[in-house]
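Protein chains: 2
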Amino acid sequence: MFDTIRHLSFYTILEEHVRSYPGKIAHAFGGQSTTFAQLLERVDRLIDALETSGVVAGDRILWLGQNSDRIMELLIAASQLDAMLCPSNWRQSKTELAAQIDDLEPKVIFWQNEEVGPEIRAGRELASFKGGRWLQHDGDGEDSYESFLASGRADRNDHREVDTRAGALIIYTAAFDGRPNGAVLSQNTILLENLVLAPTQRISNETVFLAVGPLFHLGTLMQCLTVFHLGGTNVFVRRSDAQSIAQSIHDHKCTRTWLVSKTMDEIIELNHDRRYDISSLRSIPYTEEWNRMVTVEPVETHVPGYGQTEVMGLAVLPQYGRHAIGIFGRPSPLCHMRIVDSEDRDVEPGQVGEIVFRGPIVMNGYWRRPELNAQRHRNGWHHTNDLGRREADGSLTFIGPKVQMIKSGVENIYPAEVEACIRRHPAVADCGIIGVPHPQWIQTVKAIVVLKPGSEATEKDIVEHCRAQIASYKKPSSVEFREDMPRLASGGVNYKLLDEIYGGGNYPGGETRTS
Amino acid sequence: MFDTIRHLSFYTILEEHVRSYPGKIAHAFGGQSTTFAQLLERVDRLIDALETSGVVAGDRILWLGQNSDRIMELLIAASQLDAMLCPSNWRQSKTELAAQIDDLEPKVIFWQNEEVGPEIRAGRELASFKGGRWLQHDGDGEDSYESFLASGRADRNDHREVDTRAGALIIYTAAFDGRPNGAVLSQNTILLENLVLAPTQRISNETVFLAVGPLFHLGTLMQCLTVFHLGGTNVFVRRSDAQSIAQSIHDHKCTRTWLVSKTMDEIIELNHDRRYDISSLRSIPYTEEWNRMVTVEPVETHVPGYGQTEVMGLAVLPQYGRHAIGIFGRPSPLCHMRIVDSEDRDVEPGQVGEIVFRGPIVMNGYWRRPELNAQRHRNGWHHTNDLGRREADGSLTFIGPKVQMIKSGVENIYPAEVEACIRRHPAVADCGIIGVPHPQWIQTVKAIVVLKPGSEATEKDIVEHCRAQIASYKKPSSVEFREDMPRLASGGVNYKLLDEIYGGGNYPGGETRTS
Chain A
1 MFDTIRHLSF
11 YTILEEHVRS
21 YPGKIAHAFG
31 GQSTTFAQLL
41 ERVDRLIDAL
51 ETSGVVAGDR
61 ILWLGQNSDR
71 IMELLIAASQ
81 LDAMLCPSNW
91 RQSKTELAAQ
101 IDDLEPKVIF
111 WQNEEVGPEI
121 RAGRELASFK
131 GGRWLQHDGD
141 GEDSYESFLA
151 SGRADRNDHR
161 EVDTRAGALI
171 IYTAAFDGRP
181 NGAVLSQNTI
191 LLENLVLAPT
201 QRISNETVFL
211 AVGPLFHLGT
221 LMQCLTVFHL
231 GGTNVFVRRS
241 DAQSIAQSIH
251 DHKCTRTWLV
261 SKTMDEIIEL
271 NHDRRYDISS
281 LRSIPYTEEW
291 NRMVTVEPVE
301 THVPGYGQTE
311 VMGLAVLPQY
321 GRHAIGIFGR
331 PSPLCHMRIV
341 DSEDRDVEPG
351 QVGEIVFRGP
361 IVMNGYWRRP
371 ELNAQRHRNG
381 WHHTNDLGRR
391 EADGSLTFIG
401 PKVQMIKSGV
411 ENIYPAEVEA
421 CIRRHPAVAD
431 CGIIGVPHPQ
441 WIQTVKAIVV
451 LKPGSEATEK
461 DIVEHCRAQI
471 ASYKKPSSVE
481 FREDMPRLAS
491 GGVNYKLLDE
501 IYGGGNYPGG
511 ETRTS
Chain B
1 MFDTIRHLSF
11 YTILEEHVRS
21 YPGKIAHAFG
31 GQSTTFAQLL
41 ERVDRLIDAL
51 ETSGVVAGDR
61 ILWLGQNSDR
71 IMELLIAASQ
81 LDAMLCPSNW
91 RQSKTELAAQ
101 IDDLEPKVIF
111 WQNEEVGPEI
121 RAGRELASFK
131 GGRWLQHDGD
141 GEDSYESFLA
151 SGRADRNDHR
161 EVDTRAGALI
171 IYTAAFDGRP
181 NGAVLSQNTI
191 LLENLVLAPT
201 QRISNETVFL
211 AVGPLFHLGT
221 LMQCLTVFHL
231 GGTNVFVRRS
241 DAQSIAQSIH
251 DHKCTRTWLV
261 SKTMDEIIEL
271 NHDRRYDISS
281 LRSIPYTEEW
291 NRMVTVEPVE
301 THVPGYGQTE
311 VMGLAVLPQY
321 GRHAIGIFGR
331 PSPLCHMRIV
341 DSEDRDVEPG
351 QVGEIVFRGP
361 IVMNGYWRRP
371 ELNAQRHRNG
381 WHHTNDLGRR
391 EADGSLTFIG
401 PKVQMIKSGV
411 ENIYPAEVEA
421 CIRRHPAVAD
431 CGIIGVPHPQ
441 WIQTVKAIVV
451 LKPGSEATEK
461 DIVEHCRAQI
471 ASYKKPSSVE
481 FREDMPRLAS
491 GGVNYKLLDE
501 IYGGGNYPGG
511 ETRTS
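Protein sequence lines, in the order shown, are assigned to chains A and B.
Residues 1 to 515 in full-length UniProt numbering are what the first sequence lists, from first letter to last.
Residues 1 to 515 in full-length UniProt numbering are what the second sequence lists, from first letter to last.
Hints listed in this document are in silico derivations from the structure and should not be mistaken for laboratory results.
It cannot be assumed that every hint is accurate.
Identical chains blur together in the list; that is why a pair holds if it fits in one copy or across any two.
[Claimed, not checked] Cut-off 20 Å, straight-line C-alpha distance, at most; resulting in silico cross-link-like pairs (EDC-like, lysine to aspartate or glutamate):
no.: 1; residue 1: 253; residue 2: 51
no.: 2; residue 1: 452; residue 2: 114
no.: 3; residue 1: 496; residue 2: 484
no.: 4; residue 1: 24; residue 2: 297
no.: 5; residue 1: 496; residue 2: 464
no.: 6; residue 1: 460; residue 2: 59
no.: 7; residue 1: 496; residue 2: 456
no.: 8; residue 1: 24; residue 2: 3
no.: 9; residue 1: 262; residue 2: 251
no.: 10; residue 1: 24; residue 2: 391
no.: 11; residue 1: 452; residue 2: 430
no.: 12; residue 1: 24; residue 2: 348
no.: 13; residue 1: 24; residue 2: 393
Construct the entire structure; sequences and hints are all you get.
Given below as structure tokens:
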């Protein structure tokens with residue numbers, strides 16, 4: 001099954017980088033730099049320590065912390081054991097964390113105390129699964145990350161056979177049906193996507209990438225993976241924070257990052273006296289002040305393309321459709337795309353249908369969701385739950401999610417998940433969630449609630465109930481109470497009417513969503 | 001073994017191009033253009049016709065003709081049957097052709113009458129293998145290519161399971177040991193290399209590539225394959241000829257090709273009255289006159305990188321080593337490289353050793369050469385038979401072939417092969433081949449011959465003997481007769497002394513060759 005001479009994996013790539021880039025910095029984080037040779041030694045120790053802890057093929061390793069270079073070294077180590085790393089969303093509530101622990105039943109858990117410790121401890125308490133070895137990322141005792149790493153042998157010269165088609169990474173995503181699902185991605189899928197991302201995102205061995213966005217989303221993580229594969233340098237900050245960002249760009253001469261406009265404004269303000277030299281950053285033009293501080297590069301396109309976690313981030317890119325009608329472009333050389341109706345028949349160009357994919361960038365499936373996998377991968381194609389249209393020249397216009405979704409900043413919020421949470425409140429009979437336009441966050445969440453006869457609850461009660469159960473960014477910003485829920489003939493909530501009554505709008509995909 | 005949802009093959013890529021590039025020209029050859037949709041229909045018919053002819057997985061299909069778009073459609077069709085296409089070197093002698101037919105035992109042979117017919121018929125006669133169906137590429141009767149294609153069904157909608165790791169293409173190469181060997185390359189290997197070639201060679205869906213070089217070498221064929229994969233257009237000329245080249249660039253607005261300086265001069269002379277518009281060509285700067293006719297693009301580098309057929313053409317590229325010490329660059333993201341001594345131990349940076357590779361671009365092996373494969377792939381690494389040196393910054397300096405080789409134009413000539421041919425002459429006792437510097441062809445072949453006692457042979461006898469048995473470009477341009485052959489203590493021919501006596505030199509790799 002496994003053919004040594006044609007083998008390519010995170011681990012063998014790291015070995016090559018030690019030969020190809022002697023002395024080069026692989027990772028930088030918090031004033032600490034790690035060369036490729038040092039990284040290989042750390043990974044070797046981790047492999048040994050994980051194996052000693054009983055980690056075997058198919059096991060899960062859970063990261064409950066913020067951004068760190070350790071996520072990358074753990075991923076390389078885990079993959080060499082055919083085990084999987086899941087970098088968890090640290091903004092989750094204790095209830096969500098407990099559900100994730102129970103879903104994954106991880107063999108080893110790395111957790112962070114600072115900022116997120118109380119919620120994690122509460123989630124651990126809540127979880128039914130009581131196994132797994134807990135190690136503290138930011139501790140320094142016996143059960144700390146560094147003690148664990150140091151317990152492993154460095155000289156293993158690891159040349160075991162590894163199945164690069166097996167799952168290596170689990171990213172939770174898309175709570176269409178009310179609960180998040182873990183997309184399982186293989187080394188093969190990741191390494192192939194890297195080869196498409198490198199040229200289209202202009203990532204090379206000269207790139208010094210500053211990872212600001214959360215590594216529990218592919219948006220930032222896939223760039224780190226491509227930078228690693230190409231032999232560039234990854235710099236990490238714990239979370240988005242203007243001061244750490246400016247300091248990191250200054251210290252490491254970062255050439256690339258991705259920042260929201262609010263953060264760019266904060267950096268401009270912070271750096272009014274030019275104490276940080278951030279001119280190494282090749283950045284898109286923004287404000288005049290920003291442009292004076294960074295290297296402004298001509299940008300070919302501002303359209304990011306189309307994809308989702310389940311197809312390793314990006315599947316359709318504008319670089320394959322320059323001058324095309326559909327601004328999202330065409331499928332990358334790694335995938336095939338069809339637009340289909342509800343019976344999986346191709347629709348004509350110009351007609352809207354569901355976008356489906358095939359190719360090596362499709363995930364292995366969701367972790368422990370056999371029915372959902374059968375449904376999403378029916379007839380040999382991955383169904384995205386997204387709507388799109390092929391234009392006359394074969395290019396794609398992405399329309400929007402097939403089911404209702406709310407966009408808050410970079411986060412996707414699935415009404416079904418928030419509704420399920422509110423319905424669990426003892427006073428609630430029914431609930432509908434809409435998105436209300438917001439100048440900075442695109443949308444905010446509004447709950448329309450019907451109480452049980454004789455029950456009472458205030459707006460604050462509902463919001464606090466949500467805060468305890470789901471990630472803070474998913475909780476409603478406002479709650480409206482009604483006597484009854486308007487429903488369609490089909491039985492579904494009449495969201496169009498709720499939008500009209502309560503000012504909903506600005507949804508991704510506009511008016512085209514179907515229910 | 002085969003996972004539908006992650007499948008990527010020549011055939012599925014062609015299906016996607018029909019959707020992504022409706023109406024676009026896939027191939028142009030001799031005034032005839034073929035859209036992707038038409039190509040899919042032709043490939044479907046070919047698959048059916050080949051299957052009806054009994055072609056099954058592992059079978060060989062032999063192309064005995066010059067450049068044609070049919071090589072590409074046959075490759076796609078053959079690969080869908082897990083069969084292999086071998087585009088043969090049409091400059092081979094009847095003896096070489098016969099040996100190749102016997103080596104491959106092909107199920108179907110497509111042959112060309114024009115220019116190469118007599119030699120092919122003689123080779124067919126000479127071959128021991130008498131099986132295989134012979135079809136004429138440039139005929140129009142019952143046994144012609146088009147009749148064969150037309151006999152296949154077009155509506156098969158072929159979705160069979162294909163093993164993309166199986167051999168799809170056989171390219172004969174490297175007669176280090178006196179006979180050429182067929183490197184077997186899989187779809188996987190080809191498709192992956194395409195992803196590296198596209199950005200480094202600036203090939204995109206907007207490329208219109210004119211294939212001038214022979215398609216029996218990867219140099220040109222790998223570019224056609226990348227252009228196909230990316231959705232560009234391939235234009236073919238039968239062989240290098242200034243008039244056909246200029247006409248094709250004019251007709252199809254070709255953006256890319258590769259020409260030797262002699263051909264560029266011929267085009268300049270031919271086009272003195274500007275009857276052909278060849279300005280679409282994005283070309284390297286050459287003479288002033290040439291620069292006025294084409295679009296002169298700034299070129300980042302003139303160094304092509306390092307590779308060989310056995311690693312799908314290019315493995316080390318200067319794009320991964322900008323500003324590096326070794327101008328050949330660093331290994332691509334698809335392979336790993338070591339520099340080793342005769343015991344396969346790593347040599348220190350700065351030391352010369354044999355270049356060895358690992359990764360998905362390594363060939364499956366040579367066709368029917370189990371011992372040679374074991375030797376070349378020993379210890380899990382592909383041994384290139386080439387010498388190189390890692391510089392202090394990890395980059396590669398390519399030194400030259402480990403065994404003596406002569407370079408004539410773009411062709412590699414292996415002394416062992418020419419010597420073996422001359423030794424078969426009844427009057428010859430011993431023979432040594434050297435390369436003599438030539439202002440246009442880099443080197444020409446000189447034979448030093450020792451005759452058997454009492455035997456006689458003239459220079460013309462030896463040259464004609466070679467002409468009948470090996471490709472014309474390999475035959476000696478001159479022959480010197482001696483009483484005895486100078487030999488080393490090891491028993492090998494003392495080539496250094498022969499070079500000194502007879503003016504040998506200008507070898508690829510200079511003085512560093514080892515025997």
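Worksheet item: Hint by hint, which ones does this structure get wrong, listed from lowest number up?
Response: 1, 2, 4, 5, 6, 7, 8, 9
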